[in-house]
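> Read off the chains here:
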Amino acid sequence: MVWQQENRLTYEDFIERHQLVILLISALFILLSLRLFYLQVLRGGYYRELSEQQRTHVVVERAPRGVIFDSRGEALVRNRAGFVALFYPFTQGTAPSKVVIDKLRAILKRDMGTAIIRGWRSGQAVRLADNLTREEMFLLQEQRLVLPGISVVKESRRDCQSPEAMAHLVGYLNEVTNADLEKLEDEGYRAGDWIGRSGLEGVYDVALRGQHGGWQIEVDALGHQTRLVRRIPPLAGNDLHTTIDARVQRVAYEELLKSPTGRGAAVAIDPRSGAVRALVSCPGFDPNRAFTREFAAYLKGKDLPLFNRAIQGLYSPGSIFKIISFVTAVNEDRVDVAAPTLCTGKFTLGNKTFGCWLKTGHRNITLIPALAQSCNVYFYQLGLHVGVTLLERYARIFHLGQKTGIDLPSEKAGLVPSVEWKLKKMHEHWQQGDTANMAIGQGPLWVTPLQAAQMMATVANEGTVYRPFIVSGVKTVQGEEITTFKPQVIGTVDVQEKTWRLLRAALGAAVREGTAHGCDIPGLSVHGKTGTAENPHGNDHAWFVCYAPADNPTIAIAVIVENGGHGGTAAVPVARRMLETYFDMHSTSAPVVRAVAVPA
Amino acid sequence: MMQRREEKTLFQKFFGTMDWALVLALLALLTIGLVTVFSATLHYGRPEKFLLTQAMAIGIGLGGMLLLAGFNYQYFRPMLPYMYIVSLVVMLAVLVGGTAVRGTRGWFNLGYFQFQPVEVCKLMYILVIAGYLDARWRDAKKFDTFAAGLALMGGHVMLILLQPDFGSTLTYFPVTLALMYIAGVEPLYLAGVILLAGIATGIPLMTTFIRLQPALLASHPSLQYFISATGHFGRAALILGGLTAALFIVWWFLSQLKFRISLLYPILLSGIIVAGSFGSVVVEHALRDYQRKRLIVFLNPELDALGSGYNIIQSKIAIGSGRIVGKGLFSGTQSQLGFLPEQHTDFVFSVVGEEGGFAVAQLTILLYFLLVWRAMKIAQEARDRYGSLAATGLAIMFTFYAVINIGMVMGLMPATGLPLPFMSYGGSSMVSSLWAIGLLFSIHIRRFTH
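Chains as they are written, first to last, in this note's numbering: chain A, 1 to 600; chain B, 1 to 450.
Don't read these hints as lab results, they were simulated from the structure.
Note that beta-carbon positions come from the ideal geometry of N, C-alpha and C, so glycine has one too.
Hints may be right or wrong, so weigh each one.
Listed below are several chain A residues computed to face chain B (Cβ distance under 8 Å; list not exhaustive) [stated by the list, open to error]: (1) F14; (2) I15; (3) H18; (4) Q40; (5) V41; (6) R43; (7) Y47; (8) L50; (9) Q54; (10) R55; (11) L314; (12) V477.
A few chain B positions that, by computed beta-carbon distances, are all more than 10 Å from chain A [as the list claims (entries may be wrong)]: (13) D165; (14) F209; (15) L223; (16) S228; (17) I273; (18) V274; (19) R385.
Start from the sequences and build out the full structure, keeping to the hints where you can.
Next up, the structure:
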């Protein structure tokens, strides 16, 4: 220390400023330490997570989807291995050559050149072919060395057994869209996943889909795999056990297809629980081909094959609504069971004339034969006695005009009109003629085949309205019970005992000697009612509702054949074959339709 | 007897007067640096090659350091004018005969290795400016002392910018300004220089930053006008004229309120603003587009996450993910998987932070502080003003490098491409840093000598 002593004042002046600089330096180092503390201690967890995310990459291994079984253990939909040709551009240094593209065209029989080049440029895998045949697969495998970047991958595909018959019931799948992902990301859906779009596949998608597994691999900054971190095995989806009887379902579809127009629906319900045994809409489609080119034909099909008539088709009930009129009149004591009414074949109300289907008239007819023979003139008058308010109330007690709550999507509610409804919707007053029409099931009265079956099930079990259901339980692959669905009572039809007694007598008569004679199966007592619903757009729709065996019903059926004409000829044979199948009876001789009865 | 005493004195001279805290800090930093470079180069393959090269640089550096420590720094004193000329000649020579690396003509190819002369020239400059300020200490307050000092700096800075090596020039400013301040140069002049430089670099950087955010630009028409003025003489003149007028109005108001402020201040201030604005045009042209982006993107690296902001984002992730105790040596996922760019050179500190955690990273910062603090103490204890100023200059240089580099990898400072002394892989920086320590030893050892 020399100059310090030479000039004390200058030195102290110097040191003062020097200390200030030291202070500044210290402040800078404190700033660094604070920043370090912030990054590593306060925000360390966040950055650790970021670094983990960016170093690991998950290769998804898709979970096999659950199987859908019928009530007897038959698989309605299961999985089948399919082969898919993919082009992976990731390891390709140069664009695929023309030779490769030509070879591929020779094998796959279509030109994928532009798609491959585009995929190579953008670094995205390209699906070359979805459903390889065995020959195509082997050809590709043989040429593997000269087809760099092309690989054949096994992929689990959905395989619906008897696809057309089951189509509307089980529904179909397609790939999730970006819009779905925005909504469903939290539930584990990822791009490339398949999602049920309709039917049971749609409603029970969450149960069926299982959980993806995968390989967690470590990647470096360039995305190259460096090591396998761990494998998470996929969790198979759960199986659906349904109440469906596949045999009845198939028979119903075949018979509907054979019916005069090949368009219609059939629903069978167990009246003891509401369990759906069959739910068919005809024509069907092939859900295995959902969203392929063939599928476009379905969308344009004139017969609307994608339309689920069983739960979405709204039809006039026609004469099957006479059951409601019958119950209303008897229970409210508005009719004398023994008093005959004259049917001349037509009925005049004011200046309007209403006809009976039997032009010659049923002559003097009492209540029970009137239902069995489906006499319109009798029911016009009965309806006028009862009045629209009671008819509406009883229709609603039987759960018409409201959704049944079945476990399928997009069910329609139908319509039961009322005085207020007409005033509000059509700005017209309710006329007596409207009441007469309603009593025979015409006018603005709409039911779905499912509702018709539900109504018949309620008649069969004498007053309990069950919610129809298809899935009875969800089980794991190992058979472990996850959910069980119990029958659910959603209403009761509380009527006098005599009402049921008389109705059963009338429905029995309809089959034995009435319009539904075609369903008179030896060895099985069937109760039923035909219907012929007038339709402004074409021929009448043919209805038939029934249940069996009469003394202890285990199945209630509703069948409609669109524009099929008469219920007795078009709809009854379908139900008959369904019953024979359900009760394991050998097909008896083809039902002879009596020439006398051409019911309305 | 005499012989023995002599020996004892020599021993005392060299070891007894040694600054052991500085030695400890230096050796600790070198050790952490070597281990980290080894870890950072593991995934490149052949890390021992990097380790050997680095060890060799340390060897050369330590040899030079010991020589310089033994050499009396005061002998440089009369040679300083020649030293300044030599440094200019060397830098001219590298402009003519040097090799270019990544567009910068700043290296001499010496066969086995390449050497960056600017690293040694800046040490010479520190000695020169210290000697100059010492010689002019009686006239320190005079403007020409200040101006000539700036001219000395300007000579080096110009030649370095011609390479062009923007990062290396940066260290000249804090060193020169701090030394001038301590030597007693009028602080007002220094403030003027800082303001001028701030305006000249601030305008191009801010416009670059705003251009990175098109949404912001679209929603603020005034910003658009500001941006357009940078390329439009008329608009720029309008803005500057307005600012100048505002300054004079404020001055007039204050004088009405009996604040006696010389008219010189508003004139100087507006002069600086105008000069800075025109200086910004020069800076704008001196910096390439990517450099400007790199310098400013640290304010919000997400704006250019895959471009200029990528390094900062990855480096912050690396450091932050190290948490308190780190991921363990050689186990940093960011570094070992190659997410960190330049991780053995400029971004070596993020490897320290990731693998050693807060514990080792904070220790490293403390070691740098210890080193700088000892250098400042050496300055206060030096036997003459020249040594004092030289030691302070070196301390400022180390501070600047450490703060800028560590601040950069933590997203706190602009990315300038400056290495971390004693740790970053790179021979020239290592050698010159060790030689600087040699100078500090030389000053320290001779603090008592008459």
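> For each hint, tell me whether it holds in the structure or not.
Going down the list of hints, with the structure as the test:
The closest approach between the C-beta of A/F14 and any C-beta of chain B is roughly 6 Å, which is under the 8 Å cut-off, so the hint is satisfied. A cut of 8 Å between beta carbons decides the hint on A/I15: the least distance to chain B is about 6 Å, and the hint holds. With 8 Å as the threshold, the beta carbon of A/H18 comes within range of chain B, its nearest partner Cβ sitting at about 5 Å, so the hint holds. Below 8 Å, beta-carbon pairs count as interface contacts, and A/Q40 has one with chain B at about 4 Å; its hint therefore holds.
Against a cut-off of 8 Å between C-beta atoms, the interface hint on A/V41 holds, since the closest Cβ of chain B lies about 6 Å away. Interface hint at A/R43: satisfied, since its Cβ lies 5 Å from the closest Cβ of chain B, which is below the 8 Å cut-off. A hinted interface residue such as A/Y47 counts as satisfied when its beta carbon comes closer than 8 Å to some beta carbon of chain B; here the least separation is about 3 Å, so the hint holds. Interface hint at A/L50: satisfied, since its Cβ lies 5 Å from the closest Cβ of chain B, which is below the 8 Å cut-off.
A least Cβ separation of about 7 Å between A/Q54 and chain B falls short of the 8 Å threshold, and the interface hint therefore holds. For A/R55, the shortest C-beta to C-beta distance to chain B is roughly 5 Å, which falls under 8 Å, so the interface hint holds. About 52 Å separates the beta-carbon of A/L314 from the nearest beta-carbon of chain B, more than 8 Å, and the hint is not met. Residue-level restraint check for A/V477 is violated (minimum Cβ-Cβ distance to chain B is 37 Å; threshold 8 Å).
Distance to chain A confirms B/D165 as a non-interface residue, since its nearest Cβ pair spans about 24 Å, more than 10 Å. Listed as a non-interface residue, B/F209 keeps its Cβ farther than 10 Å from every Cβ of chain A; the least gap is roughly 20 Å. The Cβ of B/L223 lies farther than 10 Å from every Cβ of chain A, with a closest approach of about 29 Å, so its non-interface assignment holds. Consistency note on B/S228: stated as away from chain A, and its beta-carbon is indeed over 10 Å from all of that chain's, at 36 Å minimum.
Distance check for B/I273 against chain A: the nearest CB is about 26 Å away, which clears 10 Å, and the non-interface claim stands. At roughly 29 Å, the least C-beta separation between B/V274 and chain A is larger than 10 Å, which holds for a residue marked as non-interface. Once the 10 Å rule is applied to beta carbons, B/R385 is inconsistent with being away from chain A; the minimum gap is 5 Å.
The earlier numbered hints that this structure contradicts are 11, 12, 19.
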